[in-house]
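Protein sequence lines, in the order shown, are assigned to chains A and B.
Just so we're aligned: 259 in our numbering is position 259 of the first sequence, and the numbers increase by one with no gaps anywhere.
Just so we're aligned: 183 in our numbering is position 183 of the second sequence, and the numbers increase by one with no gaps anywhere.
Derived from the structure by calculation, the hints contain no laboratory data.
Incorrect hints may appear among the rest.
Stated by the list, open to error - Cross-link-like lysine to aspartate or glutamate pairs, in silico, EDC-like; alpha carbons within 16 angstroms at most:
| id | chain 1 | residue 1 | chain 2 | residue 2 |
| --- | --- | --- | --- | --- |
| 1 | B | 146 | A | 132 |
| 2 | B | 138 | A | 132 |
| 3 | B | 146 | B | 116 |
| 4 | B | 136 | A | 64 |
Said to hold, decoys possible - A short, non-exhaustive set of chain B residues, derived as facing chain A with CB atoms under 7 angstroms:
| id | residue |
| --- | --- |
| 5 | 125 |
| 6 | 127 |
| 7 | 128 |
| 8 | 130 |
| 9 | 131 |
| 10 | 132 |
| 11 | 133 |
| 12 | 136 |
| 13 | 152 |
| 14 | 271 |
| 15 | 282 |
| 16 | 284 |
Yeah, the Cβ is synthetic: ideal placement off N, Cα and C, and Gly gets one too.
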Amino acid sequence: MNKYITLRARSGSFSLLLEKRAIIVLLILAGLSCLLVIAGLSVGSSLVSPLEVILHLAGAGTGEHAFVIETLRLPRILLAMLVGGALGVSGLILQGIIRNPLGSPDIIGVTGGASLAAVIFITCFAGGVSMDWLPLAAIAGAACMSSLIYLLSWKKGVTPIRLVLIGIGMAAAASAMTTMMIVLGDTYSTAQAYLWLTGSVYGADWVDVRSMLPWVLLFIPLALFFSKTANAQEMGDQVAAGIGVKVQLHRFVLLFISVALAGSAVAFAGGIAFVGLIAPHIARKLVGRSFGSLVPVSALVGGMIVCLADIVARTAFLPLDLPAGIFVSGIGAPFFIYLLYRNRHQ
Amino acid sequence: MFRTKKALFTLTALITVLLVIAGCGAAKPAGTNTEASQTAAEGQQARNSQAEQPAAEDAVRVIEHAMGKTEIKGTPTRIVTLYQGATDVAVALGVKPVGAVESWLEQPFYQYIRSDLEGVTVVGEETQPNLEEIAKLKPDLIIASKMRHEEIYGQLSQIAPTVTHETVYKFKDTVALMGNAMNKQEEADALLAEWDARVADFNGKIATKLGEEWPIEVSVLNFRADHARIYVTGFAGDILDELGFVRSELLQKEADNGGVVLKLTDKESIPSMNADVSFVFLTDPGSDEAVQKTYEEWTAHPLWNNLDSVKADQVYQIDEVTWNMGGGLISANLMLDQLYEHFGLQK
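Can you make the complete structure from the sequences, with help from the hints?
Right under this line is the structure:
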């Protein structure tokens, strides 16, 4: 009995190993995501019955809730999904590259760099320069910090352990500078800066969704495309090189994908970082270790965590609408612990 | 050789396809968005035409504000205020908002205006107001701050005409803006004239009383759990400025550079608090013992006893809400009342 389905281009330049079980898990997760979206569209300050939501999405609704559903709830839910998905895959790639279960976008400075840039922007330019530039500032910060870490780690190639150590050092430095900027800033911008650091998809509109979508649609499939080498990298540099993988080149490409995904997510939703750590682990518990099936599962799990966190954040303490970042760890961690507990004898 | 080329080709093809998909995906939501805003606009029109207003009041006024121009029809009656100062000014103008954001302290609303806000719906926090709650109230005017609400201005405008103010603490600008937007220019002008008269009165009386010593230097000090602050400009700083008080050379330099707050984390910087008179407030002292402790530690320091205001026994405890958090005209007047009292002047 073959447990795998292999997708392979005839030349062998592209191949994907999919577990049959993973496909079932994937279908279940996709179904759950749809349910979550519908649930998210129906709860809020005013309840819209799920049936009405479905009718509305099918274009047969009364139009009564058009504004709430289409302008307020849908873009926010979609952005949460995209952000969570991007962070999930980004974390998955990093954990593969550095061969360490504690890998997350924090390690390569994405969160630290973006936070620092965003807080500098908020403290120094808020009021003067339009906030529309904030995502750009954040993504530039992420890119600078990651390049710096990569360059500093270079010593005839980049080894995972060097990358991790330098990454942790730089993250600490960035966090110190972020704190300093907050202390230097005035009261009015401090509240804004803390909000950004907590992470929130509040106020998302279609422009945000449209700007985030290309990143996810480009880089997540790209991650799939490189799944063959990612699988090999997990076995260690020597083994990977032995079976014909260009270790340094592919490591750079994978890192680039990871930075792009996490950077864009952080730009639009602020410092929601925990998803990148937890989503790949949950995915691994669900579908095993094949990178090809882990990519879509991590993306869906990440998306669902952020989406659920945001739904809780905006409904649990009505009329208050809180940042989703507060609840991300609250929702991700218990589920993760449950999975560890359930699998303890396997 | 052939293999790498082919791989490169596959990769390029994949990226091209994806970009096309991304493009299509991006175009679609755009359509939905226009539809949504159209529906919202239609709904609003329907509401406006339903309300039978006198012809004279139906005139459309264009208000210029921090984020552009907004058309407002007639006299708005269902107003939502999204920062503390705006809520205060709405009460001052004699209008009870239908919705307002929660106050920073003394939730849901500050005690000094709470009795005027009975039955007003809380629409979330100032930094992240709940858009659905606002939409549910079906307002006809929203008062927001560019500083806080720039990102949601588009969505707010789809709910109701929205005007914004640059900051959250320049209360006189807030009065002028809201007077215009709410079709209450006369009331707003009267309130501002009254304020100016009070300022002139205070200025004259304190100058007569202090004679040669006037103008005197003041500093507004704040103690928190882990540090102390000097409020250089901001709400209280601006008012003290207007009343004719001056700052020490050091603080004036800070103000000229655009500094609003000076944060002090080290007791060695106590000398920068120096002034003839110091006004001190503790941040939420009731709920946090650490604040009281900071205050006691700092004021026990030898450098503190070296300050001019401490030596002359000119340190006053003041109330945080009126001096810092309120940010509106009523709290400004309350602050002025307290100043009359401190300096023993006849109102």
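Results of checking the hints against the structure:
Taken as a hint, the residue 146 (chain B) and residue 132 (chain A) pair is honoured in the structure, with Cα atoms around 12 angstroms apart against an allowance of 16 angstroms. For a cut-off of 16 angstroms, the pair hint linking residue 138 (chain B) to residue 132 (chain A) is broken: about 27 angstroms separates their Cα positions. Annotation: proposed proximity of residue 146 (chain B) to residue 116 (chain B) is violated, straight-line Cα distance about 26 angstroms (limit 16 angstroms). For a cut-off of 16 angstroms, the pair hint linking residue 136 (chain B) to residue 64 (chain A) stands: about 12 angstroms separates their Cα positions.
Satisfaction of the interface hint for residue 125 (chain B) is found here, the shortest Cβ-Cβ separation to chain A being roughly 6 angstroms, below the 7 angstroms cut-off. Look at residue 127 (chain B): its Cβ gets to within about 5 angstroms of chain A, closer than 7 angstroms, so that hint holds up. Hint status for residue 128 (chain B): holds, given a least beta-carbon distance of 5 angstroms to chain A, under 7 angstroms. A distance limit of 7 angstroms between C-beta atoms decides the matter here; for residue 130 (chain B) the minimum to chain A is near 4 angstroms, and the interface restraint holds.
Taking 7 angstroms as the C-beta contact cut-off toward chain A, the hint placing residue 131 (chain B) at the interface holds, the least distance being around 5 angstroms. For residue 132 (chain B), the interface hint holds, the least distance from its beta-carbon to any beta-carbon of chain A being 4 angstroms, beneath 7 angstroms. The beta carbon of residue 133 (chain B) comes within 5 angstroms of a beta carbon in chain A, closer than 7 angstroms, and the hint placing it at the interface holds. For residue 136 (chain B), the shortest C-beta to C-beta distance to chain A is roughly 6 angstroms, which falls under 7 angstroms, so the interface hint holds.
The restraint placing residue 152 (chain B) at the interface with chain A holds, with a minimum CB-CB distance near 4 angstroms, inside the 7 angstroms limit. Violation of the interface hint for residue 271 (chain B) is found here, the shortest Cβ-Cβ separation to chain A being roughly 20 angstroms, above the 7 angstroms cut-off. Hint on residue 282 (chain B) is violated. Least Cβ distance to chain A is approximately 15 angstroms, over the 7 angstroms limit. Using the Cβ-Cβ criterion of 7 angstroms, the hint placing residue 284 (chain B) at the interface with chain A is not satisfied: the shortest such distance is roughly 14 angstroms.
In terms of the numbered hints stated before, the structure departs from hints 2, 3, 14, 15 and 16, listed from lowest to highest.
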